[in-house]
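Undergrad: Letter by letter, the chains look like this.
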Amino acid sequence: MSKQYKLGRRNALKAMAGIPVLGILGVEALRKTSYDAENDLRKEVIHELGLDDLLSSVKQITYQPGDLIRIGIIGFGVRGSQLSEALGFMEKSKFEKEVADQEASGEESLKSQIKHGNFNVAITGICDVFDLRAESGLATAQHDIFTGGEIAKKNTVKRYRHYHEMLADPNIDAVIVTAPDHHHATITMEAVKAGKHVYCEKAPVHREDEIQPLYETVKNSGMVYQLGHQIPQNAVFQQAREVVNRGLLGNISHVETTTNRNTPSGAWIRHRYNSGKIKPGDEATIDWKQWLGNAPEVPFSIRRYYSWARYSEYDTGLFGQLFSHEFDAVNQLLKLGIPDLVSATGGQYFYTEFGDIPDVLHTTFEYRQKGTTLTYSANLTSAKPRPRTIYGKEASMTIGGNMTLTPDGNSERFKDLLENGVVDPSRPMLEILEGSTLSDAVDAVSSASTSYYASRGLTSTHIGGQVWDVTSLHLKEWLDCIRHGGQPSANIEMAIQEAVVIAMADISYREKCRTAWDPENKKILRV
Amino acid sequence: MGKNLQPPAWQSGLFVVLRMLIGWHFLYEGISKLIHPAWSSLAFLAESKWILAGVAQWITSNQEVLNTVDFLNTWGLIAIGLGLILGLFTRWAAIAGTVLLALYYLFLPPFIGMETAAPQEGNYLIVNKNLIEAVMLLLIAVSPAARKFGLDTLFEKHNSPND
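Those protein sequences? They're chains P and Z, same order as listed.
Position one of the first sequence corresponds to residue 0 (numbering that gives the first Met the number 0), numbered consecutively onward.
Position one of the second sequence corresponds to residue 0 (numbering that gives the first Met the number 0), numbered consecutively onward.
Bear in mind the hints are in silico, worked out from the structure with no lab data behind them.
No experiment lies behind these values; they were computed from the predicted model shown.
Hints may contain errors.
Cross-link-like lysine-lysine pairs, in silico, DSBU-like; alpha carbons within 30 Å at most [said to hold, decoys possible]:
(1) K96/P to K128/Z
(2) K128/Z to K110/P
(3) K383/P to K48/Z
Here are the simulated distance ranges between beta carbons [what the hints assert, rightly or not]:
(4) S60/Z to R525/P: 24 to 32 Å
(5) K276/P to S60/Z: 29 to 37 Å
(6) R9/P to A101/Z: 50 to 58 Å
(7) S264/P to W91/Z: 53 to 61 Å
(8) A45/Z to K91/P: 27 to 35 Å
(9) G408/P to L71/Z: 45 to 53 Å
(10) K91/P to W91/Z: 22 to 30 Å
Some chain P residues well away from chain Z (every beta-carbon gap over 10 Å; in silico) [to be verified]:
(11) N10
(12) T32
(13) S220
(14) N273
(15) E476
(16) H483
In this text, a Cβ means the ideal position worked out from N, Cα and C, and glycines have one as well.
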């Protein structure tokens, strides 16, 4: 009996051999967890930078109820259609096709977009010189896509042949100006005089002599003006602003902005489909005289109609179309304002078939009192991306859809951290990736292989766990100001600074001279 | 009779050690996923190549499915790890572990031309550590020796030497 009992106990003990192993694992796992917590470099760096509250600096999106706003769209091209979508309106057939496409590909952008709830706006007016586009606009206005919409059904939409008719109609509260650039200033001024709020696509003006009248007219009208630069609506810009405001970059000597594209469409050659077939439109269906507006009279041209951004009569090309976004992004962040001196060189070397805008540009904007130089380097025949970069004495920042902050190897401020090897000039000490969840959005000193794709930040952003089209947020800001007062971010002051900067660069390029700004007389000087 | 088929004690001992080491590996992998709430299989699945790439895409495209997969993976690892260390339901734990490792292998096989954007450690050619660990678990599943020093033995009928 006693022998059997002994054997049983031995067996039982043998059977439990795993338990001490489990115990060791448990103790070691706890030790490792507390060691990791104490040696969390990410937290240490964020704390050292004084950015513990960085994530809470993102303002949550709130809905403030208000009366219905009746919107008229002037110029229903590609951008007009995109802005309608950002407001919650889309042609039914197009919507159904896109829902099916996104369902198949697993993409969620449209799904998350329509969940946001409506902005309580109706598109009640469409004005386009081209019948086809006007009809597309009418169909768009009649189909709302935001959850709880039903606005389109309760409101009717009207086509206006001329924008003057729309501006004269008291049933329109606000207008979106998405006509080509040479119309922007004229339509904006007439609209605010007619008591309409204006959301205008960039650039704010086309010609130098439009700048001052636009400023005074909008300023005196009391109407809410918003220029169409959605990039700074990215949540990451709010965080970048905190980093800049806390002086982490040190003295900023250089801000580098770029454009890198490599397709004919990217060079605004847009009058053909990919198949090579010419797009529709002729003098019978397009009101050519209205399209030309104040521009020099020329015979109808399908090239000019679709590829207008290639002609200096209607646009400033790279400056107005793309540098405008770059400038606004940088100006919203750094409040650079108008430079003292601008010089631009470049040429039309590759796309020489028609139009006269350059496809390569190198421009410097000197802020002599600040000791800062802004550069814009653009190339329409290479798509190699170059990030938007702010160079400071202590650290440099890249900012687009993502943000990185990298210490300078010779920084005084980060000397201790550099010496201790906590941060390293060869990689970011702070990286905020768009689309990360809040808990892991701040990624400082992560693995060396952390790769990022710094987009220009033009499409969407994550706020409060939701994906937002940044254009929707930009429009919402405008609508909130119309209903509740206040100034939107891309207001007339910012727009005028941009208009002057673009005009200085464009004149420098075209007239082959340097341009200077005379702040007293508010004039651009050729020097 | 049966006594002659018994492997030498040191061989059984090594099997048991191997079982516990693999158990440790599974259990800690599971625990570390549990204590990092931000962990998700998304990054791994997004890299998936070869025959299961479609399945991976389906999982990652649906948040609920992804959450379920993450939950099953974490608790699967923990359950298998506990089973192997304690020697409890050893055979089932070993088989489940083999299946899980085979899935990891198939979602991201180290075949020529299937490099991933984020290689985890070095480069492999057809044989990687997942495959080796999977075969070792299979060996544990079929070896009675590996079930010694485990709770399973309490449920087995013991033939006392006196019988």
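Undergrad: Hints first: check each against the structure and report whether it holds.
TA: Results for each hint:
1. K96/P to K128/Z: violated (45 Å)
2. K128/Z to K110/P: violated (40 Å)
3. K383/P to K48/Z: At roughly 27 Å apart (the allowed maximum being 30 Å), K48/Z and K383/P satisfy the hint.
4. S60/Z to R525/P: 24 to 32 Å: violated (57 Å)
5. K276/P to S60/Z: 29 to 37 Å: Holds, since K276/P and S60/Z (Cβ atoms, about 35 Å apart) stay within the stated range.
6. R9/P to A101/Z: 50 to 58 Å: violated (38 Å)
7. S264/P to W91/Z: 53 to 61 Å: Distance hint for S264/P, W91/Z holds at roughly 59 Å.
8. A45/Z to K91/P: 27 to 35 Å: holds (34 Å)
9. G408/P to L71/Z: 45 to 53 Å: holds (47 Å)
10. K91/P to W91/Z: 22 to 30 Å: Distance hint for K91/P, W91/Z is violated at roughly 55 Å.
11. N10: violated (6 Å)
12. T32: violated (6 Å)
13. S220: Consistent with the label, S220/P stays out of reach of chain Z, its closest Cβ about 47 Å off (over 10 Å).
14. N273: holds (27 Å)
15. E476: Non-interface label stands for E476/P: nearest chain Z Cβ at 29 Å, farther than 10 Å.
16. H483: Check passes; 35 Å lies beyond 10 Å.
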